[in-house]
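Taking the hints into account, I'd like the entire structure generated from these sequences.
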Amino acid sequence: MTQRRNIRRPQPGEIPYLAGEYLYRNGPCSDVELFLAVDFGSTMSARLDALQRAICGGWLMETERSKIACSRSATDYYDEQSDKPKEEYVGQIAPAPQRNVFASPGLSDKYKINSRGLRPASDAAPTWSNRPAGFGFKSIAGGDA
1 MTQRRNIRRP
11 QPGEIPYLAG
21 EYLYRNGPCS
31 DVELFLAVDF
41 GSTMSARLDA
51 LQRAICGGWL
61 METERSKIAC
71 SRSATDYYDE
81 QSDKPKEEYV
91 GQIAPAPQRN
101 VFASPGLSDK
111 YKINSRGLRP
121 ASDAAPTWSN
131 RPAGFGFKSI
141 AGGDA
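Take the sequence shown: its letter number 94 is residue 94 in my numbering, and every next letter is one higher.
To be clear, the hints were calculated from the coordinates, so they are not data collected in a lab.
C-beta atoms are modelled at their ideal positions from N, C-alpha and C, and glycine is treated no differently.
Misleading hints may appear alongside valid ones.
Said to hold, decoys possible - Restraint-style ranges between C-beta atoms, simulated for each label pair:
{"#": "1", "residue 1": "7", "residue 2": "83", "range": "36 to 42 angstroms"}
{"#": "2", "residue 1": "80", "residue 2": "105", "range": "51 to 57 angstroms"}
{"#": "3", "residue 1": "136", "residue 2": "115", "range": "23 to 29 angstroms"}
{"#": "4", "residue 1": "136", "residue 2": "111", "range": "33 to 39 angstroms"}
{"#": "5", "residue 1": "37", "residue 2": "76", "range": "17 to 23 angstroms"}
{"#": "6", "residue 1": "117", "residue 2": "142", "range": "44 to 50 angstroms"}
{"#": "7", "residue 1": "18", "residue 2": "72", "range": "18 to 24 angstroms"}
{"#": "8", "residue 1": "90", "residue 2": "117", "range": "49 to 55 angstroms"}
{"#": "9", "residue 1": "41", "residue 2": "80", "range": "18 to 24 angstroms"}
{"#": "10", "residue 1": "97", "residue 2": "142", "range": "56 to 62 angstroms"}
{"#": "11", "residue 1": "98", "residue 2": "29", "range": "56 to 62 angstroms"}
Claimed, not checked - Pairs of lysine to aspartate or glutamate residues, derived as EDC-like cross-links and limited to a Cα-Cα distance of at most 20 angstroms, are as follows:
{"#": "12", "residue 1": "112", "residue 2": "80"}
{"#": "13", "residue 1": "67", "residue 2": "109"}
{"#": "14", "residue 1": "67", "residue 2": "49"}
{"#": "15", "residue 1": "67", "residue 2": "33"}
{"#": "16", "residue 1": "67", "residue 2": "39"}
Set out below in C-alpha cells:
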C-alpha cells in the first residue's frame, strides 16, 4: 500500500502512538514482538488490522526485512519531544506594565460625569409614579405581567 504524504499524528495513549514510542526506543522489530510489547487488541485479526492502519496512516512503516519501524515523521516527532525540556518556574516576578498616560486617548464622553452633577438618590423616581402596595397587572393567561 502507498503511504500518505500528510500524516495525522496520533494522540498519546492511542495504539499507533504507543507502538511508535516503543519502536523509537527499541528499534525495528517483528510484528509478533510488537504485539507482545503493545496491546493492539484481543484477537489476531484486530491486531493485524490496527497495525495495518498505523502503517497505511504513515506513522509506522515496514522495512525491507519485514520488520516494523517508525516512519521518518514519527522519528522526527519523538526526537523533538525528547529534546524539549520541561519549563520550570524560576520565581521571577514580572515587571509592572509601563503605560504612557499622556499619550493614551482621553476618557470617552459616555463615562464622564454630567456637567449638571450627579442625580440625588431621593430623586430617583417621582412619588406620583409609585404604585400602591398590592397593585399589579394581570396578563390574559392570568399571571402577573
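Notebook entry, point to check: Has the hinted range 56 to 62 angstroms been met by the Cβ atoms of residue 97 and residue 142?
Noted result: 58 angstroms, holds
Margin query: What's the verdict on residue 67 and residue 39, does the C-alpha distance respect the 20 angstroms limit or exceed it?
Written below: 18 angstroms, holds
Margin query: So if I understand the rule, the pair passes when the alpha-carbon distance is 20 angstroms or less; does residue 67 with residue 33 pass?
Written below: 10 angstroms, holds
Notebook entry, point to check: Is the hinted range of 23 to 29 angstroms satisfied by the C-beta distance from residue 136 to residue 115?
Noted result: 39 angstroms, violated
Next item on the list: Could you tell me whether the CB distance from residue 7 to residue 83 stays inside 36 to 42 angstroms?
Entry: At roughly 20 angstroms between Cβ atoms, residue 83 and residue 7 fall outside 36 to 42 angstroms, so the hint is violated.
Checklist line | Assessment of proposed distance window 18 to 24 angstroms (beta carbons of residue 41, residue 80) | finding: 29 angstroms, violated
Margin query: For residue 67 and residue 109, compute the direct alpha-carbon distance and say whether it is at most 20 angstroms.
Written below: Since the Cα atoms of residue 67 and residue 109 sit roughly 74 angstroms apart, the hinted pair is violated (cutoff 20 angstroms).
Check: Do residue 136 and residue 111 keep their Cβ atoms within the hinted range of 33 to 39 angstroms?
Finding: At roughly 37 angstroms between Cβ atoms, residue 111 and residue 136 fall inside 33 to 39 angstroms, so the hint holds.
Next item on the list: Could you say whether the range 56 to 62 angstroms given as a hint is met by the Cβ separation of residue 98 and residue 29?
Entry: 58 angstroms, holds
Check: Quick one: are residue 37 and residue 76 within 17 to 23 angstroms, going by C-beta?
Finding: 22 angstroms, holds
Check: Using the C-beta atoms of residue 18 and residue 72, is the stated range 18 to 24 angstroms upheld?
Finding: Given about 19 angstroms between the Cβ atoms, the range holds.
Notebook entry, point to check: Is the gap between the beta carbons of residue 80 and residue 105 within 51 to 57 angstroms?
Noted result: 45 angstroms, violated
Violation of the numbered hints given earlier is confined to hints 1, 2, 3, 9, 12, 13; the remaining hints are satisfied by the structure.
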